[in-house]
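Engineer: Each chain, written out:
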Amino acid sequence: MKKIKFLLFIFIITAVYTLNCFAEGQLEKPARLRLATTTSTENTGLLDTLLPAFTKNTGIKVDVIAVGTGKAITLGENGDVDLIMVHARSKEDKFISDGYGVNRRDLMHNDFIILGPPDDPAGISGYNSASEAMEMISGNKSNFISRGDDSGTHTREKELWTTAGITPSGTWYKEAGQGMGAVITMADDLEAYTLSDRGTFLSMKDKTDLIVLVEGDNNLFNPYGVIAVNPALYEGVNYEGAMRLIAFLTSAEGQSIIGNFRKNGEQLFYPDVIK
Amino acid sequence: MVLLKALTLIFSADREVIFIAMTSLSLAVASTIVSMIPALLLGTLLSIKKFRGKSIIIVFLNSLMALPTVVIGLMIYSIISRSGPLGGLRLLFTPWGIIIGQSILSFPIIASLIYSALSDIRPELPETLNSFGVTGIRKLYMIFRESRTAVLSAILSGFGRIIGEVGVSMMLGGNIRWYTRTITTTIALETSRGEFELALAMGLILIFISLSVNTLLHLGVKSHG
Numbered sequence: 024m025k026k027i028k029f030l031l032f033i034f035i036i037t038a039v040y041t042l043n044c045f046a047e048g049q050l051e052k053p054a055r056l057r058l059a060t061t062t063s064t065e066n067t068g069l070l071d072t073l074l075p076a077f078t079k080n081t082g083i084k085v086d087v088i089a090v091g092t093g094k095a096i097t098l099g100e101n102g103d104v105d106l107i108m109v110h111a112r113s114k115e116d117k118f119i120s121d122g123y124g125v126n127r128r129d130l131m132h133n134d135f136i137i138l139g140p141p142d143d144p145a146g147i148s149g150y151n152s153a154s155e156a157m158e159m160i161s162g163n164k165s166n167f168i169s170r171g172d173d174s175g176t177h178t179r180e181k182e183l184w185t186t187a188g189i190t191p192s193g194t195w196y197k198e199a200g201q202g203m204g205a206v207i208t209m210a211d212d213l214e215a216y217t218l219s220d221r222g223t224f225l226s227m228k229d230k231t232d233l234i235v236l237v238e239g240d241n242n243l244f245n246p247y248g249v250i251a252v253n254p255a256l257y258e259g260v261n262y263e264g265a266m267r268l269i270a271f272l273t274s275a276e277g278q279s280i281i282g283n284f285r286k287n288g289e290q291l292f293y294p295d296v297i298k
Numbered sequence: 157m158v159l160l161k162a163l164t165l166i167f168s169a170d171r172e173v174i175f176i177a178m179t180s181l182s183l184a185v186a187s188t189i190v191s192m193i194p195a196l197l198l199g200t201l202l203s204i205k206k207f208r209g210k211s212i213i214i215v216f217l218n219s220l221m222a223l224p225t226v227v228i229g230l231m232i233y234s235i236i237s238r239s240g241p242l243g244g245l246r247l248l249f250t251p252w253g254i255i256i257g258q259s260i261l262s263f264p265i266i267a268s269l270i271y272s273a274l275s276d277i278r279p280e281l282p283e284t285l286n287s288f289g290v291t292g293i294r295k296l297y298m299i300f301r302e303s304r305t306a307v308l309s310a311i312l313s314g315f316g317r318i319i320g321e322v323g324v325s326m327m328l329g330g331n332i333r334w335y336t337r338t339i340t341t342t343i344a345l346e347t348s349r350g351e352f353e354l355a356l357a358m359g360l361i362l363i364f365i366s367l368s369v370n371t372l373l374h375l376g377v378k379s380h381g
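In order, the protein sequences belong to chains A and B.
With the first sequence counted from 1, adding 23 to any position gets you my numbering.
With the second sequence counted from 1, adding 156 to any position gets you my numbering.
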């Protein structure tokens with residue numbers, strides 16, 4: 024019995040100790056700041072470069088919850104985060120006009136690209152129009168992987184299909200319901216086409232055979248915005264912290280960190296406030 | 157290659173890997189302890205007492221074991237979200253949120269395993285104890301003592317379900333770096349990033365932890381028995 028008691032003792036000590044650590048983290052002042060953002064900013068490692076500089080300046084710890092744009096907006100609507108950094112302008116405008124968000128700022132941009140296997144079965148290489156390329160893919164019934172998760176990229180993809188006047192369906196059109204990185208891996212495996220933001224693609228370039236087939240269309244412009252959650256909606260929303268982070272992100276320092284961020288030697292995001 | 161990577165990760169004592177492993181372990185231990193006590197009581201109660209509605213509770217418990225972790229995550233989310241009834245407590249995206257979800261996850265497993273262990277192995281034990289005039293806490297203690305192996309494996313099954321789950325940790329913890337990132341959410345994240353080797357290495361670390369905990373507890377019980 025002694026041994027069991029001893030083990031139980033160790034168990035309880037470990038638990039109490041950790042809970043204590045967590046509790047200390049909880050009570051830390053100023054309160055933690057919660058940022059819901061897209062997988063593209065997290066997966067590329069941009070935030071790991073940006074946020075430590077902010078924490079150093081202000082002492083505010085930022086908790087990053089990386090989900091698709093659609094879910095990030097839901098988290099904002101429920102008051103579960105203090106600000107959101109997303110990329111789907113139509114959804115952002117709705118978020119603000121519905122009264123959930125205030126003080127939207129343009130932050131940075133990059134562009135979407137259509138990726139595909141190097142042998143390009145649908146022959147879209149060289150097309151400048153994204154929706155024409157999508158038409159070719161659907162006409163050829165080549166595999167296309169859709170994010171299918173209501174993310175910013177998925178929103179844009181649906182807009183492109185609408186522009187092309189196509190309602191994609193059939194076995195060639197696969198809705199994955201996963202993040203960008205996972206979808207690129209899937210498309211690589213299935214030799215399929217997909218729409219990606221350039222940042223995620225560049226950060227995964229060494230892990231995939233997919234190549235950029237269509238780029239440069241105005242419809243492929245990908246702007247990121249940052250929006251504070253309306254503090255009037257829920258008690259305890261860290262509005263001050265959110266505004267300080269927005270101020271930092273749009274400051275000369277924040278913007279230059281964005282502009283200088285490189286992955287595999289390439290620039291992933293272009294600052295929009297101070298160029 | 158993957159094994160090598162896992163071993164390097166463990167022995168290089170990378171601060172973040174250790175933090176993640178410790179987070180996983182301590183959350184699972186805390187949740188197991190939280191759910192263990194009511195589950196033990198309910199399981200024992202079901203096995204030694206006869207009352208109306210007993211079989212309904214048993215069927216209910218067994219069905220709860222099949223509940224997907226994300227569903228539990230969703231239910232708790234809707235309660236502790238700031239727009240939910242307990243929003244003011246700000247439990248979402250904290251370790252506390254994960255502990256709530258994981259405790260609910262392991263409760264039915266421990267309770268129903270305790271119930272079946274006690275009623276199958278020693279149906280006569282409570283009667284015997286009664287005839288010796290042993291009651292209350294003392295009786296409970298004797299029952300657990302006599303069936304400690306079954307009790308232990310029930311608790312370990314609860315622990316096992318928790319430490320390997322990803323739905324609750326992801327939904328209620330938010331996979332926040334240096335805060336609520338656990339081994340399983342790291343695996344999910346690294347997989348989505350295409351870092352398969354790192355993900356597999358983390359998986360091996362998880363097995364290693366689970367193996368250590370199980371071995372330790374079994375040795376404890378064996379040497380005693």
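It is worth saying that the hints were derived from the structure and are not from the lab.
All values reported here derive from a predicted model rather than from experimental measurement.
The C-beta atom is built at its ideal place from N, Cα and C for all residues, glycine as well.
Some hints here could point you the wrong way.
As the list claims (entries may be wrong) - Pairs of lysine-lysine residues, derived as DSSO-like cross-links and limited to a Cα-Cα distance of at most 27 angstroms, are as follows:
(1) A:K228 with A:K79
(2) B:K161 with A:K230
(3) A:K197 with A:K114
(4) A:K181 with A:K228
(5) A:K298 with A:K286
(6) A:K94 with A:K181
(7) A:K164 with A:K94
(8) A:K286 with B:K161
(9) B:K295 with A:K228
Unchecked claim - Pairwise CB distance ranges (calculated):
(10) B:S219 with A:E258: 31 to 39 angstroms
(11) B:G244 with A:T72: 28 to 36 angstroms
(12) A:T194 with B:V227: 47 to 55 angstroms
Engineer: Give a verdict on every hint.
Structural biologist: Cross-check of the supplied hints:
A C-alpha spacing of about 32 angstroms is found between A:K228 and A:K79, which places the hinted pair above 27 angstroms, so the restraint is violated. Restraint check: the Cα-Cα separation between B:K161 and A:K230 comes to about 18 angstroms, which is no more than 27 angstroms; the hinted pair holds. Our distance criterion of 27 angstroms between C-alpha atoms is met by A:K197 and A:K114, whose separation comes to about 23 angstroms. Note on A:K181 and A:K228: the hinted pairing holds, with a Cα-Cα distance of about 25 angstroms set against a maximum of 27 angstroms.
Restraint check: the Cα-Cα separation between A:K298 and A:K286 comes to about 19 angstroms, which is no more than 27 angstroms; the hinted pair holds. For the proposed pair A:K94 and A:K181, the alpha carbon gap of about 17 angstroms is at most 27 angstroms, so the pair holds. Taking the CA atoms of A:K164 and A:K94, the gap is about 30 angstroms. The hint is violated against a cut of 27 angstroms. Distance restraint check for A:K286 and B:K161: the Cα-Cα separation of roughly 23 angstroms lies within the 27 angstroms cut-off, and the hinted pair is therefore satisfied.
For the proposed pair B:K295 and A:K228, the alpha carbon gap of about 65 angstroms is over 27 angstroms, so the pair is violated. Range check, B:S219 to A:E258: Cβ separation about 37 angstroms, and the 31 to 39 angstroms hint holds. Taking 28 to 36 angstroms as the suggested C-beta distance range, the pair B:G244 and A:T72 conforms, at roughly 35 angstroms. Checked against the hint of 47 to 55 angstroms, the C-beta distance between A:T194 and B:V227 comes to roughly 29 angstroms, which is inconsistent with it.
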